[in-house]
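J.: Residue-level listing of the chains:
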Amino acid sequence: MTQVAEPEAQRWVGGGILRKEDPELLTGQGRFVDDIALPGMLWLSFVRSPVAHANLARVDVAAAKELPGVVAVFTGQDLADEWAAAMPCAWPIANRTLPEEPTADARIPDHWPVAKDRVRFMGEIVAVVVADSRERAADAVEAVEVDYDELPVVTDMQEALKEGAPVIHEAFGSNEAYTWGMSNGDVDRVFAEAPVVVKERYYHPRLIPNAIEPRGVVVQPVPAQGEYTVWSATQIPHILKVLIGLTMNIHEAKIRVIAPDVGGGFGSKLNVYAEELAAVAAARRLGQPVKWIEERTEGYLATIHGRDVIQDMEVAATEEGKTLGFRVKLYADFGAYLQLVTPGIPILGAWLYHGVYDAQAYGFEATGVFTNKTPTDAYRGAGRPEATYAVERVMDALARRVGKDPAEIREMNFIPPFDEAREVVSGLSFDSGNYQAALDKAKELVGYDELRREQQASGGRRDGRLLGVGISTYIEMCGLAPSQTLAALKYGAGGWDAATIRCHPTGKVTVITGTSPHGQGHVTTWSQIAADALGISPDDIEVLHGDTAISAIGMDTYGSRSLAVGGTALYKAAEKIRAKARTIAAHELEVAEEDLEWKDGKFQVSGAPDKAKTIPEIAFSAWTAHSLPADVEPGLFASAVWDPPNFTFPSGAHICVVEVDPDTGQVYIVKYVAVDDCGTIINPLIVDGQIHGGVAQGIAEALYEEALYDENGTLLTGNMSTYRVPSAAELPGFTLDRTVTPSTTNPMGVKGIGEAGTIGSPPAVVNAVADALRPLGIENDQVEKPVSAERVWRTIRASAGQAPAERVAEGGGTGAASMTPEEEGGVA
Amino acid sequence: MRRIALTVNGVRREAEVEPRLLLVYFLRETLGLTGTNVGCDTSSCGACTVLVDGQSVKSCTMLAVQADGTEVTTIEGLARDGQLHPLQEAFRQHHGLQCGFCTPGMIMAGLGLIESGAGMSDEEVRLGLEGNLCRCTGYQNIVTAIQDAAGKMRQAAPAGVQGGSE
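Chains as they are written, first to last, in our numbering: chain A, 1 to 828; chain B, 1 to 166.
Treat the hints with care, since some could be wrong.
Below 20 angstroms or equal to it, Euclidean Cα-Cα: the simulated SDA-like pairs (lysine to any residue) are [said to hold, decoys possible]:
#1 K671/A - D122/B
#2 K20/A - R92/B
#3 K490/A - E100/A
#4 K671/A - E123/B
#5 K671/A - L127/B
#6 K404/A - V197/A
#7 K20/A - Q93/B
#8 K599/A - P747/A
#9 K20/A - Q83/B
#10 K599/A - E617/A
#11 K322/A - D405/A
#12 K671/A - S121/B
#13 K441/A - P684/A
#14 K576/A - G601/A
#15 K116/A - P152/A
#16 K162/A - L151/A
#17 K441/A - E411/A
#18 K20/A - E76/B
#19 K671/A - T144/B
#20 K404/A - A457/A
#21 K441/A - F418/A
#22 K20/A - A79/B
#23 K508/A - F620/A
Derived by calculation from the structure, the hints in this document are not laboratory data.
Given the sequences, and given the hints that come with them, work out the whole structure.
T.: In structure tokens:
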């Protein structure tokens, strides 16, 4: 086949065209799962455990079944023969501390959609009610009588690892899910010999994802055929289809999963949930359509949480602050069960605890722990925010130790600019990067040197408040993922994605993608890519997704993978289209293929530009098939599957400026600058929007959000009025800029931007607060997320010796509920 | 059951409703106006915001029977003759939406704010949107969109009467 020339005119890629998705969403015509109503549809509601750990002594559904409108009530025992397998965990991390060690079996507990005999966290499903209305289903839930024989509860991951702690899965003998380690270089020697070693402990509070659309599922069966159409608010229709098939023994061709408009995910809809499987089971049992829409308070227990990680982070350095080694030992609280990719979350950050800095040695070890809490899993960033936070905070600690400015300590340790893939100390191969350029821009935008001068002159004060500046020069790895790398990590699937292009005789084009957007604007971005590749307008392109009957092949949307993997698959499919079109065009123009050049969106005869064929013209010829060259099949359509050779590595520099009120502890973000590098930009409007949203979520993590449990395993921040998702009033505006270092992993040079903001921003904010509090003698590691007014106030009071700093969430984050200064009384 | 009569998006509607029926479910399930979304159960998120007699209201905090005799405007009532309302257009131009789930409520809250005559500084708009949560956009483009639309709407109709309900 002739080598296809790359499109030279980039007419649409790089332009901020308005989103094609918007008109329906702006006018109330969006179609979310809750908007689906089917004839004869029944409502599901779930009886959930109000206790965190208990044997089910009695589940009595007799009274509930008698209530008006109740069609069925199923216990875990009733549904036991619906499951061909337990709930899937697709990422069974091996139990080993070093790669060369033999691996013990992964410890994956049986996890049934409806508990059979024991519950292990508050909110676990005990019974399923099916009724003819939402209200009657809710009434029937109240009528189910359950006797719980309560068992000892453990909610703190450090307590859970101690001898004598209640064991949550008895077969394992302990609460350790795994310990997994890797290292590079002579870590022990480097740390033993280094003149400077800084070690700090960081805690990442448990977070509740809070996509604004709750989860929901509708199942329509065709009983005589054993067919099921499943509408779910999911990020992963393709994976869900496979796993419904596996866990419920249904042929994949009999399952159609549709992710309609999906109202945000952030990882919380990257899962296979009990409610989805229970809904299919109920539809199979009853032969009628069923619907479940999550209530928000229910979702706080039933939908995965994120983070909940403790890190002991170390950096070894010279006396000048030149970094020699990075080493981390972390503990991750997995909750009561392993959801779809729970064990893999720490591993997604495992290679990034050196950030963008040079070193000689690298060590990582993670221990996953079972506790009586809602399972954790992927939440925006998934493993990489944890890594970035640890590196960026310990670099500030190192700067303090060696007496350097935080910018300087970074600059003297940056990996120098590179535009070819380069191996780094953790063993990864970074695709491209220029970290200094991003920091230079950020410093200029924020007025870094002036701010430092102001701090020097004023003793760190501004109008009675404490002035702080925090830097985060982050890196992340995304574009999940090379399938062979995933195999080495025991992930249960590949990392490729797929695209199909169909060129219609009308000149219009349909693109079918295996990604499954839920706010990211793939329809628009994919249209821009295809438009340039095929020489047509984005308006003539329709992008279809999220329905396994239409998009049969795909790996869905998570891990900032969609553009780098799915977008590249589209690019490769367009290459195939152009290759075939070139053959047809040469035949029709009666020239050799080599005499054609792809220019201005069409095939032109070299030296005779008026002799040309466009893709729509060739599509029509290919459709009529009246005069095709020999061996060329009719039709102009092509599919491609892209398995990336490497990850992609977006990076950037964020600088946050805060003022802290020393009397109240209130943190005010007065400026936030983000300079991000996601490689080639397809749509700057969408990229900026992703950064805005990501940074907002990261600031929320830094300042406000923390899920708290009491010692009985009761979620205290149990609804949206007690868990603080910030509104516009609690967030600042952002100043954005960018650098562009094209990725070497894929032909477009794209990296991904879905998670960058959430990864980069928390350490910038917390470093700024630590910087502000430094003049009070407060140490770097005394400042912890979330830097809420209460926590900062306590820290300030403690440093002044005025009150005990009773920590809101000591260590494991599962301590007693917080007290406000007023409640504590007598010290304010 | 109680009989209610109200005007929704300019159309008179009558229905027999259960006294416990929330306005949002009356709109979504009785009238089929599914543009108004439900995002929480604590009146925290604002996804269900509509205008009732010109004031923005979380329709999950109001019973359908309380809306008897009122004029209600939902997201479906804004675009006219295939033309987006200036606020909808501003959300589009400024990329003020991503997943779109909070968007109907956010637009109705923004419209209520504009029509109330509130000031349009960053701080005023942000405070005015305090009851509406968005997890995708970080709010910056929403604030810009509301400010932009307010400028255009107030220029076009200085009395501040341009809006959905008439």
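J.: Give me the numbers of the hints this structure contradicts, sorted from smallest to largest.
T.: No numbers; nothing is violated.
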